[in-house]
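When you get a sec, could you build the whole thing from the sequences and use the hints?
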Amino acid sequence: MSEWKKIGCAVDFADPARVALEEAVEQARRTGAELVLVHVHVPPPTNVADVIISPAEITRMAVDETERMLAGWRADAERLLGRAVSATVLIGDPAGEVVRWAHDHGPDLLVLGTHGRTGIRRFILGSVAERVLREAPCPVLVARARRLDEAREAAEEAAQYT
Amino acid sequence: MVACDRICCAIDFSEASLLALVEAAELARWLGAELTILHVHAVPEDGVGPRPSAFAVASVDLHRDIAVWRAEAERRAGAPVHAEVVPGDPAEEIVRYARERRAGLLVLGARGRSAGGRRLGSVAARVAREAACPVLVIRPRVPAPEWTEALHAA
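Those protein sequences? They're chains D and W, same order as listed.
Position one of the first sequence corresponds to residue 188 (the numbering used here), numbered consecutively onward.
Position one of the second sequence corresponds to residue 5 (the numbering used here), numbered consecutively onward.
Some hints could be false.
[As the list claims (entries may be wrong)] In silico contact screen, one side only, chain D against chain W (beta carbon under 7 angstroms); selected entries:
#1 Ala249
#2 Asp295
#3 Leu312
#4 Leu320
#5 Arg321
#6 Cys325
#7 Val327
#8 Leu328
#9 Val329
#10 Ala330
[Claimed, not checked] Listed next, the in silico SDA-like pairs over lysine to any residue satisfying Cα-Cα at most 25 angstroms (straight line):
#11 D:Lys192 / D:Asp291
#12 D:Lys193 / W:Trp34
#13 D:Lys193 / W:Arg80
#14 D:Lys193 / W:Trp73
#15 D:Lys193 / D:Glu322
#16 D:Lys192 / W:Trp34
#17 D:Lys192 / D:Gly293
#18 D:Lys192 / W:Leu23
#19 D:Lys192 / D:Trp260
[Claimed, not checked] Restraint ranges, calculated between C-beta atoms of paired labels, are given here:
#20 W:Ala83 / D:Asp280: 37 to 45 angstroms
#21 W:Asp9 / D:Ala243: 49 to 57 angstroms
#22 D:Val250 / W:Pro144: 31 to 39 angstroms
#23 D:Ser273 / W:Ala62: 47 to 55 angstroms
#24 D:Pro232 / W:Gly36: 45 to 53 angstroms
Read the hints as simulated data drawn from the structure, not as lab findings.
For clarity, every value in this text was computed on a predicted model and none was experimentally measured.
Idealized CB from N, CA, C, for every residue including glycine.
Structure, rendered in structure tokens:
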């Protein structure tokens, strides 16, 4: 028996993370595990010469924006799963923070998206995903859109132009 | 997985492989998906490795071994499981097999028998990078630190 009690899903609000979210919801449904969305906020480099508001103000605005985005993703996850999902924001280096979260909170599975979005990059694992895969203390599901689906979508799209 | 009807579990008969097999069988049962277990018998590309005849000899043993694993998978999946033994470069053959069979998910252990002390073996790393489908990399979970009195005191 799978005894997965907690599943962490790394979300960076990019398209591949959407695929990861769907896979994580499916795994949470299968195992009855608690689902936690983990977002790592990377503080933007601040250049005082470029701004008329303080770096602290920018950071606060960025965090507000992050919280708002994450709330949206969490609502989507709860709608898909049909029960409560939690979410957490960490600040720092994405791969390092996700791995650290996994060490501290002991998820039974981490779900992440690949980095690539188009063309050949679709098959390349981003550096964050690769590092998490290497360093995580638990199983990792590298989610990616299946080529079959994409081939079908491409065919459907092509059919519209004939 | 989301709409996945074929699962491929790559094994090298290591302990991590067994964890992968258990997870793959459970997923197959949950999804009603077809499960194949695949073992790639490593053959070095430089040609100094086992010749085809040598593989034929090894494959008798390998087929006997994989039959035991298949029986375990079938018991857990509650359905027939397909088993394959192929010669070649493990990562390359796993990716190719999954692609050709249109697997919707690949499951494998994080490190095989040849990974030494590394957390992630080269085969799992390459498969995760190059596969056309999602890849579930299984490893024994390191438990989260318990909140002990010692930590509380620190």
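Right, here's what the structure says about each hint:
A least Cβ separation of about 29 angstroms between alanine 249 of chain D and chain W goes past the 7 angstroms threshold, and the interface hint is therefore violated. Interface restraint check for aspartate 295 of chain D: the shortest CB-CB distance to chain W comes to about 6 angstroms, inside 7 angstroms, so the restraint holds. Checking leucine 312 of chain D against chain W by beta carbon gives a least distance of about 5 angstroms; that is within 7 angstroms, so the hint holds. Proximity of leucine 320 of chain D to chain W holds as hinted, the smallest CB-CB distance being about 6 angstroms (cut-off 7 angstroms).
Nearest Cβ of chain W to the Cβ of arginine 321 of chain D: about 5 angstroms, under the 7 angstroms cut. The hint holds. Against a cut-off of 7 angstroms between C-beta atoms, the interface hint on cysteine 325 of chain D holds, since the closest Cβ of chain W lies about 5 angstroms away. Annotation: interface hint on valine 327 of chain D holds; nearest CB of chain W at approximately 5 angstroms, less than 7 angstroms. Checking leucine 328 of chain D against chain W by beta carbon gives a least distance of about 5 angstroms; that is within 7 angstroms, so the hint holds.
Using the Cβ-Cβ criterion of 7 angstroms, the hint placing valine 329 of chain D at the interface with chain W is satisfied: the shortest such distance is roughly 5 angstroms. Using the Cβ-Cβ criterion of 7 angstroms, the hint placing alanine 330 of chain D at the interface with chain W is satisfied: the shortest such distance is roughly 5 angstroms. A hinted pair counts as satisfied when its Cα atoms are at most 25 angstroms apart, and lysine 192 of chain D with aspartate 291 of chain D qualifies at roughly 15 angstroms. Restraint check: the Cα-Cα separation between lysine 193 of chain D and tryptophan 34 of chain W comes to about 18 angstroms, which is no more than 25 angstroms; the hinted pair holds.
For the suggested pair lysine 193 of chain D and arginine 80 of chain W, the alpha carbons sit about 22 angstroms apart, so the restraint of at most 25 angstroms is met. A hinted pair counts as satisfied when its Cα atoms are at most 25 angstroms apart, and lysine 193 of chain D with tryptophan 73 of chain W does not qualify at roughly 28 angstroms. Pair hint lysine 193 of chain D plus glutamate 322 of chain D holds up; C-alpha atoms about 18 angstroms apart against a cutoff of 25 angstroms. Of the pairs offered as hints, the one joining lysine 192 of chain D and tryptophan 34 of chain W holds, with about 17 angstroms between alpha carbons and a cut-off of 25 angstroms not exceeded.
A C-alpha spacing of about 9 angstroms is found between lysine 192 of chain D and glycine 293 of chain D, which places the hinted pair at or below 25 angstroms, so the restraint holds. A C-alpha spacing of about 17 angstroms is found between lysine 192 of chain D and leucine 23 of chain W, which places the hinted pair at or below 25 angstroms, so the restraint holds. Our distance criterion of 25 angstroms between C-alpha atoms is met by lysine 192 of chain D and tryptophan 260 of chain D, whose separation comes to about 21 angstroms. In this structure, alanine 83 of chain W and aspartate 280 of chain D meet the distance hint of 37 to 45 angstroms, their C-beta atoms being roughly 44 angstroms apart.
Roughly 52 angstroms separates the CB atoms of aspartate 9 of chain W and alanine 243 of chain D, a value that falls within the hinted 49 to 57 angstroms. For the pair valine 250 of chain D and proline 144 of chain W, the beta carbons lie near 36 angstroms from each other, so the given range of 31 to 39 angstroms is met. The hinted window of 47 to 55 angstroms between serine 273 of chain D and alanine 62 of chain W holds, with their beta carbons roughly 50 angstroms apart. One distance hint, 45 to 53 angstroms for the beta-carbon pair proline 232 of chain D and glycine 36 of chain W, holds here, with the actual separation near 50 angstroms.
The structure fails hints 1 and 14 (numbered hints given earlier, in ascending order).
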